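Listed below, chain by chain, are the residues.
2 protein chains.
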Amino acid sequence: MTLVESMNPRTGEPAGMGVSETPPAELNSTLSLAKSAARRFASEPLTGRIALLRAIADKLDNRADELIPLADSETGLGKDRLTTEVARTTFQLRHFADVIEEGSFLEATIDTPAPNGKPTPRPDLRRQLEPLGPVLVFAASNFPFAFSIAGGDTASALAAGCPVIIKAHEGHPELSRRTGEIISSVVAEQNLPAGVFTVVFGQNAGRDAIVDHRIRAAGFTGSTTGGRALFDLATGRVDPIPFYGELGSINPTVVTKAATRTRGADIAAEYVTSVTLGTGQFCTKPGLLFLPVGHGLDQALADAVSAVPASPMLNARIAENYAQISAEISAHPAVRNLVTPRLHTEPGAWGVPALFSTSAESFTEAADRLAEECFGPSSLIVEYTTTHELINALQSVEGSLTATVHGEQSDIQSIAPVLDVLRPRSGRLIWNGWPTGVAVAWSMQHGGPWPSSTNPLHSSVGASAVRRWMRPVTYQSFPQDLLPEALRDGNPLGIPRRVDGALRR
Amino acid sequence: MTLVESMNPRTGEPAGMGVSETPPAELNSTLSLAKSAARRFASEPLTGRIALLRAIADKLDNRADELIPLADSETGLGKDRLTTEVARTTFQLRHFADVIEEGSFLEATIDTPAPNGKPTPRPDLRRQLEPLGPVLVFAASNFPFAFSIAGGDTASALAAGCPVIIKAHEGHPELSRRTGEIISSVVAEQNLPAGVFTVVFGQNAGRDAIVDHRIRAAGFTGSTTGGRALFDLATGRVDPIPFYGELGSINPTVVTKAATRTRGADIAAEYVTSVTLGTGQFCTKPGLLFLPVGHGLDQALADAVSAVPASPMLNARIAENYAQISAEISAHPAVRNLVTPRLHTEPGAWGVPALFSTSAESFTEAADRLAEECFGPSSLIVEYTTTHELINALQSVEGSLTATVHGEQSDIQSIAPVLDVLRPRSGRLIWNGWPTGVAVAWSMQHGGPWPSSTNPLHSSVGASAVRRWMRPVTYQSFPQDLLPEALRDGNPLGIPRRVDGALRR
Numbered sequence: 004m005t006l007v008e009s010m011n012p013r014t015g016e017p018a019g020m021g022v023s024e025t026p027p028a029e030l031n032s033t034l035s036l037a038k039s040a041a042r043r044f045a046s047e048p049l050t051g052r053i054a055l056l057r058a059i060a061d062k063l064d065n066r067a068d069e070l071i072p073l074a075d076s077e078t079g080l081g082k083d084r085l086t087t088e089v090a091r092t093t094f095q096l097r098h099f100a101d102v103i104e105e106g107s108f109l110e111a112t113i114d115t116p117a118p119n120g121k122p123t124p125r126p127d128l129r130r131q132l133e134p135l136g137p138v139l140v141f142a143a144s145n146f147p148f149a150f151s152i153a154g155g156d157t158a159s160a161l162a163a164g165c166p167v168i169i170k171a172h173e174g175h176p177e178l179s180r181r182t183g184e185i186i187s188s189v190v191a192e193q194n195l196p197a198g199v200f201t202v203v204f205g206q207n208a209g210r211d212a213i214v215d216h217r218i219r220a221a222g223f224t225g226s227t228t229g230g231r232a233l234f235d236l237a238t239g240r241v242d243p244i245p246f247y248g249e250l251g252s253i254n255p256t257v258v259t260k261a262a263t264r265t266r267g268a269d270i271a272a273e274y275v276t277s278v279t280l281g282t283g284q285f286c287t288k289p290g291l292l293f294l295p296v297g298h299g300l301d302q303a304l305a306d307a308v309s310a311v312p313a314s315p316m317l318n319a320r321i322a323e324n325y326a327q328i329s330a331e332i333s334a335h336p337a338v339r340n341l342v343t344p345r346l347h348t349e350p351g352a353w354g355v356p357a358l359f360s361t362s363a364e365s366f367t368e369a370a371d372r373l374a375e376e377c378f379g380p381s382s383l384i385v386e387y388t389t390t391h392e393l394i395n396a397l398q399s400v401e402g403s404l405t406a407t408v409h410g411e412q413s414d415i416q417s418i419a420p421v422l423d424v425l426r427p428r429s430g431r432l433i434w435n436g437w438p439t440g441v442a443v444a445w446s447m448q449h450g451g452p453w454p455s456s457t458n459p460l461h462s463s464v465g466a467s468a469v470r471r472w473m474r475p476v477t478y479q480s481f482p483q484d485l486l487p488e489a490l491r492d493g494n495p496l497g498i499p500r501r502v503d504g505a506l507r508r
Numbered sequence: 004m005t006l007v008e009s010m011n012p013r014t015g016e017p018a019g020m021g022v023s024e025t026p027p028a029e030l031n032s033t034l035s036l037a038k039s040a041a042r043r044f045a046s047e048p049l050t051g052r053i054a055l056l057r058a059i060a061d062k063l064d065n066r067a068d069e070l071i072p073l074a075d076s077e078t079g080l081g082k083d084r085l086t087t088e089v090a091r092t093t094f095q096l097r098h099f100a101d102v103i104e105e106g107s108f109l110e111a112t113i114d115t116p117a118p119n120g121k122p123t124p125r126p127d128l129r130r131q132l133e134p135l136g137p138v139l140v141f142a143a144s145n146f147p148f149a150f151s152i153a154g155g156d157t158a159s160a161l162a163a164g165c166p167v168i169i170k171a172h173e174g175h176p177e178l179s180r181r182t183g184e185i186i187s188s189v190v191a192e193q194n195l196p197a198g199v200f201t202v203v204f205g206q207n208a209g210r211d212a213i214v215d216h217r218i219r220a221a222g223f224t225g226s227t228t229g230g231r232a233l234f235d236l237a238t239g240r241v242d243p244i245p246f247y248g249e250l251g252s253i254n255p256t257v258v259t260k261a262a263t264r265t266r267g268a269d270i271a272a273e274y275v276t277s278v279t280l281g282t283g284q285f286c287t288k289p290g291l292l293f294l295p296v297g298h299g300l301d302q303a304l305a306d307a308v309s310a311v312p313a314s315p316m317l318n319a320r321i322a323e324n325y326a327q328i329s330a331e332i333s334a335h336p337a338v339r340n341l342v343t344p345r346l347h348t349e350p351g352a353w354g355v356p357a358l359f360s361t362s363a364e365s366f367t368e369a370a371d372r373l374a375e376e377c378f379g380p381s382s383l384i385v386e387y388t389t390t391h392e393l394i395n396a397l398q399s400v401e402g403s404l405t406a407t408v409h410g411e412q413s414d415i416q417s418i419a420p421v422l423d424v425l426r427p428r429s430g431r432l433i434w435n436g437w438p439t440g441v442a443v444a445w446s447m448q449h450g451g452p453w454p455s456s457t458n459p460l461h462s463s464v465g466a467s468a469v470r471r472w473m474r475p476v477t478y479q480s481f482p483q484d485l486l487p488e489a490l491r492d493g494n495p496l497g498i499p500r501r502v503d504g505a506l507r508r
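Listed in order, the protein sequences are those of chains A and B.
Counting in the working numbering, the first sequence runs without a single skipped number right up to 508 at its last residue.
Counting in the working numbering, the second sequence runs without a single skipped number right up to 508 at its last residue.
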């Protein structure tokens, strides 16, 4: 039996005993259990789902002391960061509980009959969103809690009322197994069928599951290559299913001339912190910094980057890719090395920060190479002379999760053309801040135009993430007793509804 | 230059002079105009879009007397039906104007800053939906107004703020050209750029446009085969785009034993009316009627179907397909012919109603043949003995736009298992009614699980249809003057918004 084995990136030593890949027969019974659990879970009162999410959050918080060292040994992300990440993960579970408790997520909409309606009579129509059925999630490597077993895709799918089968990431199998056991124990304590939640292991299991008729939607966070392959499988099915992939992102950041003058040194320092956070392994890492020519920050930026020590990367493959791509950028004829990439020769998987610089003109010409995401602690300064040149360069940047502008009050009148080129290229626009750190909130958008996500209509973070796993169903002229509770006369659930076009509570 | 030529289905004679296919160079400039119009149209105040939709509706109403005879000569649908359809189409345009005037469609959501937020501080976050950019629409044949040039996809995309390029259906090119001219004249009267709306002709233009980088989403109403081919093109792009296809649908209808006893004759008569409406060319035609064994309605059903005269079908290809598929079902060994299909030998494209019957057991065994949509005025009675047998048969039915149950008060306690098998298979559930006739309303759902649509999350009719053409954008820590109006302090648009989780006006 093949094992999924992790490595301690600080030492290169095995991080545990390994976890067996899920064999086809076991995957098959997992899929059947999820399918049969789907109806039962969908008909569970909302209070049951709310209790489930809160109980998972509580139990994860209680077990954090045991999970964090395990996560650290498999990912090398460090105990401080992982402690914050557990808190974010359980906050997110509770946030989704709050979202479904509020009730708007059902989009309950009622049109009372209009027997004399023009142009034709209108019957009694009542619409709500209902769960799609079993959801397949592919866990990410870089957030072993927040975008993994108990992460946003799992939490939002459970909130939507969908059973979850999650394919563990190869980078942290022991943590995945342990987190999965905790969630499954809560599912049992809540008297829900075991098929509501299962972790599977191995790439074959993921590939087999995504084309299985029992899976009704899938979510993914990871590389553009991996996400594209799974997107093609999901959309190429005899019965295509929705696939939500959050892929790579370059996250351009623009600094105006006025902001450079006023607080260039601060911006440079903050930038380096954002780029090197978590060894640069954030999908929102600001990979491009557009600075005006003559900014005078080369030395400050280079010093700040050089001062950041090598730190562990998630696994050997990621460290090798980082070394390769940063070496390619370093060797590009149009690129100046402010901090030349260095290999870390100690055992394990380490990343050494690097920093590059080029002109906007060169960037525009070589964007296919230079605007490519480099996952890890390096980034590229792009120097522009005029707004025209800046806009030209930005036009060669592909879709991103975020785009950031650092500007002053005096820029507000003139910045519109820059925002007009950034807006269609990003899901979140940031003013005088940094893209790393994705707040869990009602109004968060974490997604964006291709290739930053496979579908720009959706978000993997924030309240609206629930909608990815639900579909509208309309009941026409239905007897009260056969209607879902959310749509009955008298609003027994006390949720916000739209009645004859007007929002009501 | 190749012409798109229509035929009068009543006579087989040409219905007009034909319209030239759009040559590649013209398509290219159309795409560029749409792209450059997108930014201008998106930044137009909502009042501009509202005025545009209402002005299109007014002008179509004013020109109805000229358009309806043209539509009748190209489609043979008859002046009464077409008069209602124009009214439905202009009602729909005005409904979308009302929807955007109400403002909830923007989903404006604000989270005020929480500098001491746990687990991490939360910045000021403001989210709204914004237009995706140029939308490509493929018009349908069977509703030359409501699902064609001025139909729901066009209306909802314009309401969303997206320029529309619509590929005319080959069945009614003259009407398409004329309707397009009317809409374009309104676009000009409203001082909007011409690229906001263009009609293109020919399958090559459609195929070239759907893979063009300037197109950001596409909508389609038509056959499963055609829709699948376009879906594959849209999702196979280097930069995949959302594709919303409303494809075929079989629309199962179940009659309980009690309803058969109480009002079987009425149900039979209404059923035949629904099946033969518009020569059976509705995507919501109830193609399967599940009746209890011993229903005693064979003669009544056969008499009612025989009494419906042959009527024109939309075009020769559709009439040939209908003749072929109904002949295959007629010849199936498990099928009894209640009304045997007949060919109509007069010139033109005509459909003669037919009616078939089989047992639930045979249906379940041969569902791959018998549960296939037959576009035209034929349908299949499926006789069941027990609820168990009924449910087995329903489980072999694929996703549909609708599913209908005719039942009595006495059925309400026992019908849940039947609804449980219908619900995951349909987008709209109907009690004691008929699926034909899709009301334009806030709570309509017109869409459903594959193969009735390519994406079960969306609807092509009703207020939520706008959402298909919009994507969320979040503004983080933005200055008031740079925020979209919908997200500014003080709610200058006076729209419903969610602030710190609570709905407010």
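No lab work stands behind these hints: they were computed from the structure.
Be aware that one or more of the hints could be misleading.
In this list, chains with the same sequence are indistinguishable; a pair is considered to hold if it fits within one copy or across any two.
Stated by the list, open to error - Quick list of in silico lysine to aspartate or glutamate cross-link-like pairs, DMTMM-like style, CA-CA up to 20 Å:
(1) 260 - 503
(2) 82 - 69
(3) 121 - 68
(4) 62 - 192
(5) 121 - 83
Since the structure is predicted, the reported quantities are computational estimates derived from the model, not experimental observations.
Any of the earlier hints contradicted here, and which numbers? 1
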